[in-house]
Amino acid sequence: MTNFLDAYSIQYWLESCPQGYLMDTDYGHPADEKEPALVIEDPVLRDAAIRTTVQLVVGERCALASSSGLVGCAPDAPSQCFLATQTLDEARHVEVFTQRLYDLGVKKKELEDVIARYANPNLVKFAEILLEKVDKKDFVAGVVGQNVVLEGMAFSVFEMMETVNRDPNPKFAHTLTGTIADERRHVGFGENRIGSLIRQYPERKSEIEQMQKDMSYFMLATFADNFRSNEMQQEVEHARDELDAGARGDATWQGVNLAQAEPAEIEAVLSDTILKDFQARLGRIGLAYQTPAKPRVAA
Amino acid sequence: MSGSGIDDVHALEPEDFIEEVHSFEHWFEAVEGYLKGLDHGHLPDVAEALLTAEERDRLIATFCSYAVAETAALEASSGLIAIAPNRHAKIFLSTQTVDEGRHVEVMLHRLRELGVPDPEAEVERRAGPSVRNLRKKILQLVEAHEWDAAIFAQNVALETMEYTVFRAHARTADPITRDLLERVLRDERRHIGFGENELGRRIREDKKRRLWLGTVKSELDSLVLQTFEEAMEEIGVPRWDRPSLGRDYLETVNRLGLV
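Chains B and F supply the protein sequences, listed in that same order. With numbering that gives the first Met the number 0, the residue at position 81 of the first sequence is 80, and numbering never jumps. With numbering that gives the first Met the number 0, the residue at position 40 of the second sequence is 39, and numbering never jumps.
In isolation and in its complexed conformation, chain F is listed as follows:
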């Protein structure tokens, strides 16, 4: 891909800007820099750290929960394509579908690198209950064709949670996990941007929609925060750091003006 030939997307008219930043061309330019030359999500020459049996086991449990969250994102983003209100949103969600598919693939592969012979069975056995419930809730909203609520749940709540957890984990992770998560984080930032932009525009002038989303947010908050707690426990974030991570999430969702 050589790029779409546009020097500054911000100089475009609003409609053209949205078409440009939601395009396949734009996606490819964005990911080209950080996905080239990787082997299943990380640089091939990063050495595996020496992990104790306990550390390895904890990391396996963590990746099992991550895989469920990413599968939820894969199924939700692909499911949302059918109900997206316009072609640009459909194309953006297609780029997100492949991003989420990549995350599932690299996380299952990481489990294999950690010595798990059947990663899908391990995920089924070990993923935490909260993340499974969150997945169920998000897919219910997609199934119900609730575009605003599903985009909120998927691109704001789930993606922000993942962003916060992965960022916290990357700080203390072994080199391969860190490299993998840092590249996943680049994708998540783009997905959150789409969610905030899409919903921001739609709820700004529609009080009824804002109130309805506020209700959805309240319903999701406890599930998201429970999943957070579970993930923090798994990655070993000290208890005194956890409230600030919870605040990160709530601040992000509050930017939309939901109460």
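So here's chain B without its partners, still in its complex pose:
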């Protein structure tokens, strides 16, 4: 285990992250990149960007609370050190996405009100399930919830968003690229570290599997709220009217052209990708994936 954890050391993190892919960035992107004028000037697109970014801030605040809360109950020093790096990664994500809200014109004094107004209640419930485990100092459940479920979701969401934004909004796409690199490391730790603990505590399996099922449900409900809302339909149509096909670029992700797909199709490919990843990762650490209930369509 010592050798495997060497790959998650602070020494490695310093060399690969702050002194690696984050070099020459300013809040996660090259300093000369700005939000596109269209996003800043068009009230519909700006509002959509703010609403999306708020969900990212909410998710990252949960990840920060969770990873910092797990440091004190980690079973060994190398795991504590890895979680220290993850804590700072998550704090950086909170910072860069908060900065994006400021870049989109949110005033500092309005920040908490904007977050409270736009935070998706199902995403908040998703976070609460995880933080309840962390509060109880349940390291095994906490790492599965945080590094497999939450980070697995974030990884795919960020990848999809990076694909959509690569051509029309390089600044945001570059911000996402750095966070994706971080999430990949976090997911890797979760998968590699937790397998032996699951073998050590097999009696914990069913409770942890139930947590995955509950968290997955609220994740799907968040996506349903987002992709099936009338606002989303209008925003997608509006964005496509404003951006010509050239500006949208090639936005193919998981075989779907996101620049042309309907929101329902995007929701389906996103959900499907994440759930399949959960199934594969959980299988590798010795847990049985539980299919979540399908959320009802919002009225």
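It should be emphasised that the hints constitute simulated quantities derived from the structure, not laboratory data. It should be emphasised that the depicted structure is a prediction, and the values quoted were computed from it without experimental measurement. Note that the Cβ used here is the ideal one computed from N, Cα and C, for glycine as well. A couple of the hints might just be wrong.
[Claimed, not checked] From the structure, some residues in chain F lie toward chain B, with a derived Cβ separation under 10 Å: (1) 36; (2) 80; (3) 81; (4) 170; (5) 171.
The hints should help you fit chain F onto chain B, whose structure is shown.
For chain F alone, coordinates are given in the frame of chain B:
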């Protein structure tokens, strides 16, 4: 990281200044200069000094106690994030969490360099009793969600003690230990600054809070000074130098106006 593009942070409005100096960006600019190109906390080309068996053993005991103090700092700073009163404090404490994690890692690695095959077991076996008690006390304050008291214990008392001990040790240490400690000291200075700033603002206008912290300080003083004594003994600071080191610590905590 290219920097946040701010030429002089002191020209900022107070609120913006706090946000800037507590940010990840600011942390990275601060550590970039002294953490680049290191191998587990020290320059890779520094040669190991020839130590006698007794000197080596004493150094191992010292690093075992340091590792406990740094683990206390790691657990306390990460635990404090949940109760921090604002986002800037949470982000600063996240930078401190990684600093403390780095200290734990480099100190355990130093033990390995000194020939200890299982550093965590060695720490468990050899760390001094006072530093263990101090760790327990600090974590109790964090667990109790006592923000002011825990910040005082962690960022003022513990960090000042470490700062004073590490500085004294670095003066006489072998080259690798000296290089390692001098870089740790740069972090500690930042952590103490946060503690003094955070508490200074909060207790200036709140007499009740000041009195309460004075009580916490009195409770901690004997534990801190015992840990000091233990550390001084381990690093071999002559007895006649010890009172002045104790004074350094008391002067620092007294700057906050606590009695």
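To see whether the hints hold, each was checked on the structure:
no.: 1; hint: 36; in the structure: 9 Å, holds
no.: 2; hint: 80; in the structure: 4 Å, holds
no.: 3; hint: 81; in the structure: 6 Å, holds
no.: 4; hint: 170; in the structure: 26 Å, violated
no.: 5; hint: 171; in the structure: 27 Å, violated
The earlier numbered hints that this structure contradicts are 4 and 5.
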